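Novice: Residue-level listing of the chains:
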Amino acid sequence: MAVRALPASAQLCSPYWLLLPVGLLYGALALLPIAVILRLGLRDGGSPLRAVLRSPLLLRAIENTVVISLLTTVIAVLLGLLLAAAVWRAGPRLRAVLWACILLPFWTGVLIKNFAWASLLQDNGVVNTLLQTLGLADAPVTLLHNRFAVIVGMVHYVLPYAVFPIYTTLRAIDPALERAARSLGAGRRGVIWWVVLPLARSGLSNAALLVFIISCGFFITPVILGAPSDLMIANLVDYYVHDLVDFDRAAALSLLILAAIAALIGLQQALPKEGQHGTA
Amino acid sequence: MARRDGIARGALIASCTPVLAFLLLPSLVIVPMALTKGQMLQFPPIWISTHAFTDYLGDPDWFASTVLSFKIAALAVAIGGLTGAAAALALHGKRFPGKGLVVGAIMAPIVVPLVVLALGGYLVFAWLHMVGGWIAIGLLHGTLVTPYVFISVQTSLVAALNPLLVRSARSLGAGRLAVLRHVIWPAILPGVAAGAVLGFAVSFDEVVIALFLQGPQTVTLPVRMFTAIQFELTPKVAASASLFLALSVVVLLTQAAAMRRRSA
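Protein chains in written order, with our numbering: chain A, 34 to 313; chain B, 83 to 346.
Everything labelled a hint here was simulated from the structure, so no lab data went into it. Predicted model, so just to flag it, every value in this text is computed and none were measured. Please note that the accuracy of each hint is not assured.
[Unchecked claim] One-sided excerpt, in silico: chain A residues whose CB lies under 10 Å from chain B:
hint, residue
1, 69
2, 115
3, 137
4, 152
5, 181
6, 193
7, 206
8, 243
9, 246
10, 250
11, 256
12, 270
13, 290
14, 294
15, 296
16, 298
Backbone N, C-alpha and C fix where the C-beta goes; we use that ideal spot for every residue, glycine too.
Sequences and hints are given; from them, build the entire structure.
Specialist: Here is the structure:
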């Protein structure tokens, strides 16, 4: 008896043309803009690009961006490791509480968080009141509008992004490995150093790259929490657009940013994937 | 040994407490600061007055910006919901070379600096004479919402839609539309809803794109706050920030509900 064949499309869930909406949207508002940016930034044989590259402001902005983003990344990955380890080790109820503490700031916009930090760090803010009450300072300490405040605000923003990939690799570690290490005579510190950290390496490097990429694009935080000298690369684009009204140079600078981001993402793809080790 | 591990766990969690305080502190001070009596932001506040909230909602400019931000976020969610959900469906259960690249491209708006998206969008919309209109901001926010809807629909598809279900429905005589309505839609609904809430928050909070594409009549609430914060830290800003905080609590609860459903 012949079984009636199903139509081919029933073999799979859904047709490829469902990618059309996203293709249209991204085509019009991501690819087309990049094409326009390319055209403006490279017009007249690339003269806007050369002008940007010669600008002393660019060097300053790159230096600020790299230094601030690196410091942010190091602090966020260390704190992220601590939080991820706590979530990993916690029981179900405590784990839910920890996730709530991590996700509430994650879902609060950067502007709101920076506003809160600005009011916390100002001269008559909570932090200064606390320092003076505890007798740690006689007069208000300047905590706002400097690089310290920018890094505080940025670490606070990116910390959840550091926790996610680290937690994923920690969770993938086979508990038998730990028991094996213990039975072979490793102390608790030995287990952390020789078993957990090596297995978490891919999560740590993924977290570091993700945090660094996100940090490099910061725009709001340097304006609200930093001094004018803390201008980062995204602020320079804004400066070209709104202060100089020079779209060609803004486009040329955007090209440089896109190239840097693409290179960093390429690097990320070359790293081992999350949870690739440890489940064996 | 179990006891010693318990102690180690306690030490680990204790050492996290300052980090958790650091994470939560900003969220905790916003509402009390909005309730202060004076015109200065201070903590501890001089309790208690709701004048900051009446200042905020009574100011026609701030009120108009709030309505505008809701409108833009609704448009962004409608667009991002459609594109993200459709893309997640299209890729569900498929394996082909380059799939990783397609997924990466869909997720790209999360890592591309907003200022680049904003500049590119400005250039395209300027050419279309659309700069200064709320539609332009909503459309561009739609690209930001897409990855969030895509991810959450993908998660609910993996959890609830076995491709065999579609196959058996078809073999039992269901047409394409019937499959969509009775098999696919119930499976993706939780993902669409969660993604829509996340996407709404993403659009409602966004500053950079809205700053580049603003016009005299289209100053979103975050843009108005961004400008205000640079000159003054007033209880009025804290009052409007409370609205954003409430939104992030809603998002958190949505996520918690989604997680519970998944583990149930």
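Novice: A closest beta-carbon separation below 10 Å is what the hint needs, so does residue 290(A) meet it against chain B?
Specialist: holds (6 Å)
Novice: Should the interface hint for residue 137(A) be scored as holding, given a Cβ-Cβ cut-off of 10 Å against chain B?
Specialist: Because about 5 Å separates residue 137(A) from the closest Cβ in chain B, which is inside the 10 Å limit, the hint holds.
Novice: Quick check on the hint: residue 256(A) CB to chain B CB, less than 10 Å?
Specialist: Given a least distance of 7 Å, the restraint on residue 256(A) holds.
Novice: With a cut-off of 10 Å, does the beta carbon of residue 206(A) approach a beta carbon of chain B closely enough for the hint to hold?
Specialist: Violated, about 15 Å.
Novice: Min Cβ distance, residue 250(A) to chain B: is it shorter than 10 Å?
Specialist: holds (3 Å)
Novice: Identify whether the interface hint at residue 296(A) stands, where standing means a beta carbon of chain B within less than 10 Å of its own.
Specialist: violated (12 Å)
Novice: Let me know if the C-beta of residue 243(A) comes in closer than 10 Å to any C-beta of chain B, holds or violated.
Specialist: holds (8 Å)
Novice: For the restraint on residue 181(A), tell me whether the closest CB of chain B is nearer than 10 Å.
Specialist: violated (14 Å)
Novice: Using Cβ atoms only, decide whether residue 246(A) comes closer than 10 Å to chain B, and label the hint accordingly.
Specialist: holds (5 Å)
Novice: Regarding the hint that residue 115(A) lies at the interface with chain B, is the smallest CB-CB distance below 10 Å?
Specialist: At 6 Å from the nearest chain B Cβ, residue 115(A) passes the 10 Å test, so the hint holds.
Novice: Double-check residue 69(A) for me: the hint is only fine if its C-beta lies closer than 10 Å to a C-beta in chain B.
Specialist: Hint holds; residue 69(A) Cβ to chain B Cβ min 5 Å, cut 10 Å.
Novice: Does the closest beta carbon of chain B sit nearer than 10 Å to the beta carbon of residue 298(A)?
Specialist: holds (7 Å)
Checked against the numbered hints listed earlier, the structure breaks hints 5, 7 and 15; every other hint is satisfied.
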